[in-house]
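Residue numbers (our numbering), protein chains in the order written: chain F, 8 to 787; chain Z, 2 to 341.
Calculated directly from the structure, the hints in this document are not laboratory data.
It cannot be assumed that every hint is accurate.
[To be verified] No farther apart than 16 Å at their CA atoms in a straight line, the calculated lysine to aspartate or glutamate pairs in the EDC-like style are these:
1) Z/K136 with F/E140
2) F/K281 with F/E245
3) Z/K253 with Z/E285
4) F/K656 with F/E720
5) F/K39 with F/D49
6) F/K446 with F/D400
7) Z/K44 with F/D130
8) Z/K136 with F/E137
9) Z/K44 with F/E129
10) F/K306 with F/E691
11) Z/K136 with F/E142
12) Z/K334 with Z/D247
13) F/K771 with Z/E314
14) F/K771 with Z/D231
15) F/K325 with F/E196
16) F/K771 with Z/D312
[Unchecked claim] Now the stretches of chain Z that chain F is said to cover, found in silico as 3 or more residues with beta-carbon under 8 Å:
17) 133-144
18) 222-235
19) 315-322
Predicted, not measured: the structure shown is a model, and the values here were computed from it.
Ideal Cβ placement from N, Cα and C applies to all residues, glycine included.
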Amino acid sequence: MAARDQHGPGAPWGKDFHVVGHAQRKVDAMAKATGEAVYTDDIQLPGMLHAKMLRSPHAHARIVSIDTSKAEALPGVHAVLVGSELPIKYGVIPWTPDETALAVDKVRFIGDEVAAVAAVDEDTAQAAVELIEVEYEILDAILDPEQALVTPEPAIHEDRKRRDNISKHVDLSFGDVDAQVAEAAVVIEEDYEFSSNTHTAIEPHCAVAQLGADGRLTLWSATQITHYVHRAIARVLELHPARVRVVQPCLGGAFGGKSDPFSLEFVVSKLAMKTGRPVKMLWTREEVFYAHRGRHAMKMHYRTTATANGMITGVDAKLLIDGGSYSSFGLVTTYYSGQLLTGPYDFPNYRFDSTRVFTNKPPCGPKRGHGSVQPRFAFEVQLDEVAHRLGIDPIEIRRRNFLGDHTTTVNGQRITSNGFLECLDAVEKASGWKERHGKMPFGRGLGVAGSMYISGTNYPIYPNKMPQAGIQIKVDRSGLVTVFTGGNDIGQGSNSMVAYLVAEELGIRPRDVRVVAADTDLCPVDLGAYSSRVTFMVGNAAIDAARKLRKQITESVASHWATAPSEVRMINGVVIDLQDPDRTMSQREAFHLAEEAHDTLGSTGSYNTPTLGGDYRGGSIGASPAYSFTAHIAEVEVDPETGRITVDKVWVAHDCGRALNPTIVAGQIEGSTYMGAGEVVLEEHTMNRFGLHQGPSLLDYRIPTSLDTPDIEAHMVESIDPEGPYGAKEAGEGPLHSTIPAIANAVHDAVGIRLRTLPFHPSKVLRALAEQKPAQEVQA
Amino acid sequence: MLRMPPFTVLNPSTVDEAMEQMLAAAGEARWLAGGTDINPNLKHRLLEPQALIALEGVGELRGVSVNEKGWLRLGAMTTLTEVAEHAQIQAQWPALAQAASLVSGPQLRNMGTIGGNVMLDTRCQWYNQTHFWRKSLGYCMKKDGTECHVIKGGSKCVAAASNDTAPALMTLDAEIEIASGDGRARMPLAELWQADGIWNRKLSPQELLVAIHLPPTAAKHHGAYGKLRDRGSIDFPLFGIAVRLDLDDAGKIAHAALCAVALQARPWPLKKVADALCGTTPGEQDFLDAVEQVAALAAKQCRPMPNIPGDHEYRHAMVPVYTKRTLFAAAAKAGPVHHL
Ligand SMILES: Cc1cc2nc3c(=O)[nH]c(=O)nc-3n(C[C@H](O)[C@H](O)[C@H](O)COP(=O)(O)OP(=O)(O)OC[C@H]3O[C@@H](n4cnc5c(N)ncnc54)[C@H](O)[C@@H]3O)c2cc1C
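Based on the provided sequences and hints, a complete structural model is requested.
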């Protein structure tokens with residue numbers, strides 16, 4: 008069944024690609040540029056109500072009572088909703104359902120949803136929200152993860168089997184790390200800290216629900232996981248899933264911040280059912296900061312042992328992960344924090360012990376590079392320390408420890424294509440590393456780092472044996488091909504990717520392909536846009552479906568021309584007889600012939616991963632059909648007087664397998680690098696001493712502006728993966744990871760300090776420089 | 002999106018008409034210039050006036066001119082972009098042009114006015130937040146509450162003056178022209194301020210800033226503005242300092258002035274500090290020595306508090322650095338001093 012068995016990475020017609028590998032316009036580019044694209048908040052329905060949320064002003068409290076009578080009495084109010092009306096728990100991971108649409112008995116952070124109002128307009132809804140009276144019994148708030156670790160009471164979640172504040176603990180050991188210490192030529196053991204940060208997608212969360220006259224509920228939502236939202240809505244609202252339709256309109260960015268089912272989706276659905284009117288809720292920027300699901304803060308202890316040649320003999324890690332108030336993807340985060348570190352270098356021995364705790368803060372979740380960006384920072388800085396201690400060039404030490412391709416990692420992950428060495432070569436050359444690293448004046452430095460990431464995993468979130476991605480194709484007599492995909496285009500261009508692949512496979516132009524996506528009534532299931540899985544999985548399914556169709560079309564044309572199907576070639580919508588190139592027909596004529604021969608044309612395709620992963624509990628989490636690899640070199644300038652780090656330039660080479668559209672791949676590489684650079688020098692998602700968000704606005708939460716963005720030079724390494732769609736792998740998340748340690752290592756090259764706590768605020772630089780001075784004086 | 006509170010907008014076309022409308026509103030109206038400060042504050046429910054009186058159509062508030070005595074007149078509605086890009090201001094009142102050029106980002110400078118910048122509300126991390134946020138906190142004394150969260154048990158609001166152009170205008174001895182119910186008045190800008198973060202001006206919200214007047218600068222006037230902020234654009238100052246150096250014919254400093262901002266409720270003139278510079282010659286050792294001395298004195302006089310976002314100890318550490326750099330920039334006819 009799985010498409011991976013059916014096609015290799017080569018071009019479908021002859022040896023050249025006609026669509027793939029060339030710069031192509033995105034299918035929605037013009038609609039977005041002209042404002043024609045419909046985002047969720049653009050949806051206006053007759054009689055539509057507007058809803059607003061009441062949120063908890065306390066970090067941790069029990070709800071004693073809620074009085075909604077005044078709100079209900081306000082003219083213009085149609086319905087008020089409280090938690091007891093939606094008591095069924097959900098969570099994106101089926102094993103850890105600990106969220107409710109609105110707080111039922113307890114609130115767990117400032118901003119937790121408590122009640123909602125639907126009214127004729129937003130102002131009335133907001134006025135009614137302020138009239139709801141809630142009596143709270145305030146509980147001690149736990150804001151510090153160290154405290155959560157040792158404080159079982161009060162338990163932030165009381166009805167779990169574990170009555171403590173530990174969300175998840177994973178302890179996995181491969182080989183014997185401790186035995187390496189005695190033998191090692193060098194042992195580096197240090198603490199690293201990663202502060203929380205968040206996605207800041209420009210479009211805030213928004214949802215609109217409508218209960219149709221036929222009793223069917225339609226939910227339009229700014230989500231990157233229509234399928235999981237579909238399941239969750241049906242469960243929580245106790246509706247048959249066949250009477251629930253979830254549609255993702257055009258989306259203004261997500262980065263992992265829209266990959267959980269969110270409170271507003273249940274709330275507008277329930278309010279639409281209660282009022283019989285369509286209901287919309289659009290979150291404010293502040294509310295998006297509370298919804299969060301951003302990067303987990305982590306405190307990380309690493310010990311690396313190595314031989315005198317710089318060969319890594321063991322890596323031992325202990326991580327404390329601050330999860331915030333709910334589980335979200337936390338189970339996966341905890342595994343990813345260890346499972347994804349075992350490349351591009353060979354670790355003969357490895358152990359990690361990761362604990363995720365609950366705290367009374369906005370819940371953390373998956374942000375671009377889910378769970379593995381933090382450990383990657385720590386380890387790549389530590390590897391630099393090993394290189395420095397041994398006097399080995401930091402690029403050289405990375406080459407020496409290269410894991411190789413078509414191999415298996417210490418934790419049992421199968422590696423297929425691996426272009427990491429080419430990535431290192433590319434950035435080494437482009438940056439002038441050999442001539443410049445370690446040789447520039449004080450204050451200017453170069454740093455390198457590498458990383459790997461998954462192209463989806465074989466873990467389908469809820470156990471099932473059905474395909475992870477499906478595609479349906481409809482062929483019209485007009486010559487148009489319509490492709491139905493459950494894939495979520497979140498701006499990364501997955502709909503365009505589907506159009507390119509189908510066009511390539513059918514020998515037609517992308518503009519003759521229409522993509523209908525992310526509508527659960529119309530499209531076959533895809534699990535969603537997370538874990539960098541869409542290009543790999545939906546792409547393979549698309550090729551699978553299109554190839555079946557191609558066979559029908561070429562056979563029909565061949566029999567019409569009385570030639571062999573192998574002699575029929577379709578290029579850019581023209582069908583040619585290779586034996587007699589003057590004999591041609593249009594794709595439309597070919598489609599007609601095929602329809603005559605095969606009846607109404609259409610096909611389906613699907614993709615499922617092979618069985619992957621280590622044979623142990625959790626061994627399949629992080630097991631990907633293909634891994635991408637990245638190398639970064641950053642050039643920084645450090646002002647020793649102000650402590651300010653300026654990232655002047657970043658060279659990045661990313662092994663994305665085949666670059667299906669090089670322009671989009673370059674965009675993903677640049678966007679990832681930009682985002683990583685912001686996490687190093689600016690971004691910090693913190694709560695103050697009251698548990699209040701430090702500054703839930705785009706003024707106070709500092710993302711880099713165009714002026715703060717380094718010059719980025721993106722290189723693509725095309726390792727051509729044997730199982731990827733035409734050899735492609737992921738490009739959307741991997742190129743973030745090593746940005747961060749590359750900058751950290753460049754700071755060391757520039758001024759000789761090791762910064763191990765992110766973000767690198769200038770005050771930390773000044774402190775480290777001041778500490779370094781006396782040390783140097785002692786040495787001298 | 003955060004919603005605006007309800008209000009009406011009035012559109013006078015003369016100062017007299019504007020004043021009439023303001024007086025008729027009996028304290029329930031506010032002036033609307035570019036709106037770049039008041040609009041977000043309205044959304045945060047930091048004020049809930051019944052009416053906004055838009056100054057856009059009042060001709061007298063517009064225009065940049067220099068009179069026969071060399072005085073610069075800036076209508077209050079002159080945009081920050083106009084101030085920043087005006088060639089004569091750049092040449093003769095450089096600190097002002099530089100300060101205006103570093104306010105926020107380009108879009109806000111196109112809308113934001115010099116009058117609105119002078120009249121900018123003070124800022125604080127415990128105050129410039131949404132109503133939900135402030136309610137969760139239990140409010141603060143600047144609005145709806147009684148406590149100050151900057152200084153525990155503090156009895157005075159220490160929200161910070163955060164207007165970049167104010168210190169530059171102060172070093173340039175600006176005067177402001179005011180219209181009120183009693184007619185017109187003119188006063189030195191230096192006398193506008195009071196040490197109260199809740200309302201840091203001695204004028205009431207009902208009085209109208211008509212224009213700013215700047216005396217001509219010396220033939221050998223040097224000026225510059227330095228601004229500390231996290232990003233290359235958008236951000237309010239974490240510390241700002243304006244410098245004025247007037248040289249005599251021999252090239253010695255005859256008059257010097259420094260004024261800082263983003264510390265406490267008032268823009269903060271560094272009186273006396275600048276005296277050390279007088280008599281020294283930029284480019285000579287005595288100037289370098291004086292700069293060191295001035296920077297150290299500035300660090301003593303400027304004590305950033307944890308009122309605005311960011312690490313206040315770091316802001317303090319940057320006082321001497323930005324003071325020095327801005328002095329050197331002024332001496333070299335360069336600037337602004339900014340990390341980009
Ligand atoms: C994201 C962001 C970043 C910013 N960054 C900076 C910055 O870096 N530096 C900085 O200095 N400012 C900054 N600002 C604030 C603001 O943009 C500027 O201060 C601008 O100059 C304000 O002018 P305005 O015309 O928009 O004022 P408005 O918002 O219209 O008015 C501001 C206040 O002044 C009063 N007022 C306006 N005109 C008059 C008048 N003629 N007479 C009496 N009272 C009057 C109004 O009633 C109001 O209380 C920023 C604002 C935002 C939103």
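Evaluation of the provided hints:
1. Between Z/K136 and F/E140 the alpha-carbon distance is near 14 Å, which keeps this suggested pair within the 16 Å criterion.
2. Proximity of F/K281 to F/E245 is assessed by CA-CA distance (about 14 Å); at most 16 Å being required, the pair is judged to hold.
3. A distance of roughly 10 Å separates the Cα atoms of Z/K253 and Z/E285; the hinted pair therefore holds under the 16 Å criterion.
4. Taking the CA atoms of F/K656 and F/E720, the gap is about 8 Å. The hint holds against a cut of 16 Å.
5. A C-alpha spacing of about 13 Å is found between F/K39 and F/D49, which places the hinted pair at or below 16 Å, so the restraint holds.
6. With a C-alpha separation of about 13 Å, the suggested pair F/K446 and F/D400 falls inside the 16 Å cut-off, and the hint holds.
7. The hinted pair formed by Z/K44 and F/D130 meets the criterion: a straight-line CA distance of about 12 Å does not exceed 16 Å.
8. Distance hint between Z/K136 and F/E137 is fulfilled; the C-alpha atoms sit about 11 Å from each other, no more than 16 Å.
9. Between Z/K44 and F/E129, the direct Cα distance comes to roughly 14 Å. Compliance with the 16 Å bound is thereby established for this hinted pair.
10. Only pairs whose Cα atoms come within 16 Å are accepted, and F/K306 paired with F/E691 is accepted, the gap being roughly 15 Å.
11. Proposed proximity of Z/K136 and F/E142 is supported: the alpha carbons are some 15 Å apart, at most 16 Å.
12. Between the alpha carbons of Z/K334 and Z/D247 the distance comes to roughly 12 Å, so the proposed pair stays at or under 16 Å and holds.
13. Restraint check for F/K771 and Z/E314: satisfied, since their Cα atoms lie roughly 11 Å apart, inside the 16 Å limit.
14. Proposed proximity of F/K771 and Z/D231 is supported: the alpha carbons are some 14 Å apart, at most 16 Å.
15. At most 16 Å may separate the alpha-carbon atoms for a hinted pair to count; F/K325 and F/E196 meet this at roughly 11 Å.
16. For the proposed pair F/K771 and Z/D312, the alpha carbon gap of about 10 Å is at most 16 Å, so the pair holds.
17. Here the segment 133-144 of chain Z counts 5 residues with a CB under 8 Å from a CB of chain F, which clears the bar of 3, and the coverage holds.
18. With a threshold of 8 Å between beta carbons, the proposed coverage of the segment 222-235 of chain Z by chain F holds, since 5 of its residues qualify and at least three are required.
19. With 4 residues bearing a CB less than 8 Å from a CB of chain F, the segment 315-322 of chain Z meets the requirement of three and the coverage assertion stands.
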